[in-house]
Amino acid sequence: MDFPYLSVITLSPFLAALIIAAVPRKQHLTIKLIAAVSTFISLLLSVVVAVKYYPQADGSFRFIEKLPWIKSFGISYHLGADGISIVLLMLTAVIIFCGVFASWHIEDRPKEFFVSLLVLVTGVFGVFVAVDMFLFFFYYELAVIPMFLLIGIWGSTRKDYASMKLVLYILVGSAFIMAGLLMIYFKAGLNSFDLFEVAKVSFPLAFQKITFVLLLIGFGILIPIWPFHTWSPDGHVAAPTATSMLHAGVLLKLGAYGILRVGFFLLPDAARFFAPYIAVLGVINIIYGALCAMAQRDLKYVIGYSSVSHMGYVLLGMATLNFFGLTGAVLQCFCHGIMTGLMFALVGFIYERAHTREIADFGGLWKKMPIIAGVFTLAGSASMGLPGTSGFVAELFVYIGAIFRFKGPYAILTIVALIGVVVTAAYIVRLLQNVFLKELDPKWKDLRDPRGIELAPFAILGGLILSVGLYPVPLINLMSSSVALIIKRVVGG
Amino acid sequence: MKFLIYLAPEITLLTLAIILIFADLAVPQDKKEYLGYFSVAGLIGAWFTVIPLAKQEVSLLGGSLIVDRMAVFYKELFLIVAILTVLVSIKYIRDISRFQGEYYALIIFCTLGNMLMAASGELISLFVALQLGSIPLAILAGYAKRDPKSNEAGFKYLLLALLSNGVLLYGISLIYGMTGTTELSKIYIEILALTKAAGGVTETLFKQPAFALGLVMLVAGFGFKITAVPVHMWVPDVYEGAPTPVTAFLSVGSKAAGFAMVIRVVAGAFGAINIDWPLIWALIATATMTVGNLSALPQTNIKRLLAYSSIAQAGYIMIGLAGFSMLGISATLLYLFGYVFTNMAAFTVVIIFSKFTKSDEISDYAGLSRRSPVLALALLIALLSLGGLPLFAGFITKFYVFAAAVERGLVWLVIVASINSVISLYYYLKVAKIVYVDQPIEKEAIPVPPSLALGLGIATIGIFVLGIYPQPFMNITQLAAQSILIR
Numbered sequence: 001m002d003f004p005y006l007s008v009i010t011l012s013p014f015l016a017a018l019i020i021a022a023v024p025r026k027q028h029l030t031i032k033l034i035a036a037v038s039t040f041i042s043l044l045l046s047v048v049v050a051v052k053y054y055p056q057a058d059g060s061f062r063f064i065e066k067l068p069w070i071k072s073f074g075i076s077y078h079l080g081a082d083g084i085s086i087v088l089l090m091l092t093a094v095i096i097f098c099g100v101f102a103s104w105h106i107e108d109r110p111k112e113f114f115v116s117l118l119v120l121v122t123g124v125f126g127v128f129v130a131v132d133m134f135l136f137f138f139y140y141e142l143a144v145i146p147m148f149l150l151i152g153i154w155g156s157t158r159k160d161y162a163s164m165k166l167v168l169y170i171l172v173g174s175a176f177i178m179a180g181l182l183m184i185y186f187k188a189g190l191n192s193f194d195l196f197e198v199a200k201v202s203f204p205l206a207f208q209k210i211t212f213v214l215l216l217i218g219f220g221i222l223i224p225i226w227p228f229h230t231w232s233p234d235g236h237v238a239a240p241t242a243t244s245m246l247h248a249g250v251l252l253k254l255g256a257y258g259i260l261r262v263g264f265f266l267l268p269d270a271a272r273f274f275a276p277y278i279a280v281l282g283v284i285n286i287i288y289g290a291l292c293a294m295a296q297r298d299l300k301y302v303i304g305y306s307s308v309s310h311m312g313y314v315l316l317g318m319a320t321l322n323f324f325g326l327t328g329a330v331l332q333c334f335c336h337g338i339m340t341g342l343m344f345a346l347v348g349f350i351y352e353r354a355h356t357r358e359i360a361d362f363g364g365l366w367k368k369m370p371i372i373a374g375v376f377t378l379a380g381s382a383s384m385g386l387p388g389t390s391g392f393v394a395e396l397f398v399y400i401g402a403i404f405r406f407k408g409p410y411a412i413l414t415i416v417a418l419i420g421v422v423v424t425a426a427y428i429v430r431l432l433q434n435v436f437l438k439e440l441d442p443k444w445k446d447l448r449d450p451r452g453i454e455l456a457p458f459a460i461l462g463g464l465i466l467s468v469g470l471y472p473v474p475l476i477n478l479m480s481s482s483v484a485l486i487i488k489r490v491v492g493g
Numbered sequence: 001m002k003f004l005i006y007l008a009p010e011i012t013l014l015t016l017a018i019i020l021i022f023a024d025l026a027v028p029q030d031k032k033e034y035l036g037y038f039s040v041a042g043l044i045g046a047w048f049t050v051i052p053l054a055k056q057e058v059s060l061l062g063g064s065l066i067v068d069r070m071a072v073f074y075k076e077l078f079l080i081v082a083i084l085t086v087l088v089s090i091k092y093i094r095d096i097s098r099f100q101g102e103y104y105a106l107i108i109f110c111t112l113g114n115m116l117m118a119a120s121g122e123l124i125s126l127f128v129a130l131q132l133g134s135i136p137l138a139i140l141a142g143y144a145k146r147d148p149k150s151n152e153a154g155f156k157y158l159l160l161a162l163l164s165n166g167v168l169l170y171g172i173s174l175i176y177g178m179t180g181t182t183e184l185s186k187i188y189i190e191i192l193a194l195t196k197a198a199g200g201v202t203e204t205l206f207k208q209p210a211f212a213l214g215l216v217m218l219v220a221g222f223g224f225k226i227t228a229v230p231v232h233m234w235v236p237d238v239y240e241g242a243p244t245p246v247t248a249f250l251s252v253g254s255k256a257a258g259f260a261m262v263i264r265v266v267a268g269a270f271g272a273i274n275i276d277w278p279l280i281w282a283l284i285a286t287a288t289m290t291v292g293n294l295s296a297l298p299q300t301n302i303k304r305l306l307a308y309s310s311i312a313q314a315g316y317i318m319i320g321l322a323g324f325s326m327l328g329i330s331a332t333l334l335y336l337f338g339y340v341f342t343n344m345a346a347f348t349v350v351i352i353f354s355k356f357t358k359s360d361e362i363s364d365y366a367g368l369s370r371r372s373p374v375l376a377l378a379l380l381i382a383l384l385s386l387g388g389l390p391l392f393a394g395f396i397t398k399f400y401v402f403a404a405a406v407e408r409g410l411v412w413l414v415i416v417a418s419i420n421s422v423i424s425l426y427y428y429l430k431v432a433k434i435v436y437v438d439q440p441i442e443k444e445a446i447p448v449p450p451s452l453a454l455g456l457g458i459a460t461i462g463i464f465v466l467g468i469y470p471q472p473f474m475n476i477t478q479l480a481a482q483s484i485l486i487r
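Chains as they are written, first to last, in my numbering: chain A, 1 to 493; chain B, 1 to 487.
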């Protein structure tokens, strides 16, 4: 039997959480080191997995692990990864690794903090590698409660409200997902939750439509699709830095991944039927999120709403049902994750020292924090989709896909979506100008740049933005066949 | 004399209870704690008498008692409940009464009644067993004699239990009048025969007012026991007033016994009637969980909160009944199993907390995680399991009952129930937030006596085992469900 890469990636944070639970409360450094080591193992192995997958990236699932679990329902502990999973796996690993360093300063009950954070990331890893739908759902729900604790205990700004809202929204979503999955299970009648098994069944269109809508609502809440998006900015703002990073960077992608993996893969006819509606929702997300971001005064809210806007590209890309669009959607998942994770790390760093996030309070920080300002500009460029950054590649792919797909009067969708780029540029430039340029307020004279280990997240994430922006080919090759397989299922031929 | 072997668990319990009553008179006051440990030992002994019955399928005493896999499942379940209850009572009851032996004897009598209820194959013996399971509970609920709330609880329970049992008995008499028998399997056959005589149209049978009324009265009588809406009104007051270990016992043991009756009677005797049982149970379940959850929202007392939450939980269990299939009954049983561990864990934390602080107010739980991290974690685990989140028993069992409903085509019920569990998570998490986020008013750590720690430990391990590897338990519940449906 091969080395169980996926299990180790998934469970190493969980194991670390158990070990941390046993470490004495006062040993802060030990706790942090254990967290760092375990996430580093996950990161390292996810890269190893990618490297091993790369030479024959044929879109198939590999690194399969299968153990029987609940036989009565034909549920098994079945893991596997294809190109798309691996891309998202790497994203999660990078973000959590950086997140641990971004939380290095936590002094309030670090033990509980890191246990929650590591359980959360186990859930996220698990979703991306689960082949069994029950296991998928199990991991999905596992991620919810740590989120509640992380925001509720270590959060800021209206944390009680935000944490409760986030959890209730996500759980309402999972109610629909559970109903959908059970319907698929019984309709298929194979006594199996296995994605591969169930995929062999072709369901009648009417059934597909109902189930797809359930799944779309359920996963859509997580993406977050307008009008179910309001929990997301509130949650981002209230969460502590590492949680915001993970939350905006990875958690939103769970929704997109769910729609792609379960919705598109198992219910292809319904996916084809609903694609135009998804496109419209995507465009609404792009424009609405961007306009909301324009109006915010809190740094984190700007980034929170920009996530709503950027996730719109993912939806639009998926709805194109062609190679460019879908590749763009997955790329956007990756790039947005890196970019927004970086932004939250930056804002977290500033907030910790300045204790405010009001844009109007700042000004001229460039003079005191040149590195932060520089990296923020880089992240902002990625957000705007400037060439040379990862955002450019992803958005370009999505737009090319959309142009191919939406011809004639439907081209209006692409045109409206393009306006989003302009609005994004407006709020990003406004933010950079007000925070970093202008005159320096004397009260910020004690601010300083990150040093030593604090630099790690900025260097890693910033480096990724540039390298993916300049040479995205490996990433695209990694997932292209997997994307092609999904397209083949949905549109046939 | 072979039937003595089949009755060995019941006989053991009866002997144990009688010994305890007399021992109570002889044992000096400061040694009475040992009566508790003695009861635990006796209950574990009774467990060994259950083991040889595991694969039996017999009916005794002219069909009035049945030993099948379902009866055995319930015997084991009730023994677990009794062991946990006694464990968590030992330190608590010492402070409220001199007659501790009597207390344990009453718990055991009640357990005996519950066991017989789950094993009854006939309506009259069912009724007698029900009384045996109910009357000790009334005494137990009023056991804290100097506490007016406890007195009220005992009296309230006694009156309402007698009333509902009376209704049930009336129902039984009507059914007997219509079918000429009280034996469940014969009622089943009789209904089939009557249906045939009426030309295959069972609606005509149900249109006979006496029959319909009898059935409604039966369901209402069961409803009291399983705390179904609208006969749930007694729950909050009794749960709040009764001594907390008794509340814990009441919330799991008595409810499980109620479901045993329902499964036996409805599936065993009235399964042949052509009325839409799934829809009926689906509607009762919807009402029960919605009322339970909405009423739990504004509660400030943890016992009242858990009382309403237990009504809501009963609603989820009824979803399994709505499935009205092998999967559904199996799911009901598994849910009960998980619910026993989960609710016992929650109440044990409440017992430990109130013993030290003399308070059941949720606001006093503020900052519990800083005072006693282990206790706080146990409460969190229990609440999350009640809320149906993964790693814990509640997730698997809820998934199981939902699956049964979807199999029956009741997708709407699953969505309603899931939304309900989101509502329930709101108040569970509110408690979790108070425990974990708020600042403690007092800083003192809360001591956990060993017997309570043991009870809490068993319950918590049960929650995890069921939540992570439920397959062995599913096998047991599936066999139990088969034994009831195959006959």
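Rather than coming from a laboratory, the hints here were simulated on the basis of the structure.
It is possible that some hints are incorrect.
EDC-like cross-link-like pairs, simulated, lysine to aspartate or glutamate; straight-line CA separation at most 20 angstroms [said to hold, decoys possible]: (1) A:K165 / B:E444; (2) A:K71 / A:E197; (3) A:K66 / A:D160; (4) A:K368 / A:D269; (5) B:K443 / A:D361; (6) A:K71 / B:D438; (7) A:K209 / B:E407; (8) A:K187 / B:E407; (9) A:K26 / B:E407; (10) B:K433 / A:D160; (11) B:K430 / A:D160; (12) B:K55 / B:E10; (13) B:K433 / A:D108.
Predicted, not measured: the structure shown is a model, and the values here were computed from it.
Hint check results:
For a cut-off of 20 angstroms, the pair hint linking K165 of chain A to E444 of chain B is broken: about 33 angstroms separates their Cα positions. Proposed proximity of K71 of chain A and E197 of chain A is supported: the alpha carbons are some 15 angstroms apart, at most 20 angstroms. Taking the CA atoms of K66 of chain A and D160 of chain A, the gap is near 40 angstroms; set against the 20 angstroms cutoff, the hint is violated. A threshold of 20 angstroms between alpha carbons decides the hint, and for K368 of chain A with D269 of chain A the separation of about 56 angstroms lies outside it, so the pair is violated.
The straight-line distance between the Cα atoms of K443 of chain B and D361 of chain A is roughly 39 angstroms, outside the 20 angstroms bound, and the hint therefore fails. Of the supplied pair hints, the one linking K71 of chain A and D438 of chain B is violated, its CA atoms being roughly 43 angstroms apart against a limit of 20 angstroms. For the given pair, K209 of chain A sits about 19 angstroms from E407 of chain B by alpha-carbon distance, which is consistent with the 20 angstroms threshold. Straight-line distance between C-alpha atoms of K187 of chain A and E407 of chain B comes to about 9 angstroms, which keeps the hinted pair within the 20 angstroms bound.
Of the supplied pair hints, the one linking K26 of chain A and E407 of chain B is violated, its CA atoms being roughly 51 angstroms apart against a limit of 20 angstroms. With a C-alpha separation of about 8 angstroms, the suggested pairing of K433 of chain B with D160 of chain A holds against the 20 angstroms cut-off. Only pairs whose Cα atoms come within 20 angstroms are accepted, and K430 of chain B paired with D160 of chain A is accepted, the gap being roughly 9 angstroms. Between K55 of chain B and E10 of chain B the CA atoms are separated by roughly 18 angstroms; this keeps the pair inside 20 angstroms, and the hint holds.
For a cut-off of 20 angstroms, the pair hint linking K433 of chain B to D108 of chain A stands: about 16 angstroms separates their Cα positions.
Consistency note: the structure conflicts with the earlier hints numbered 1, 3, 4, 5, 6, 9.
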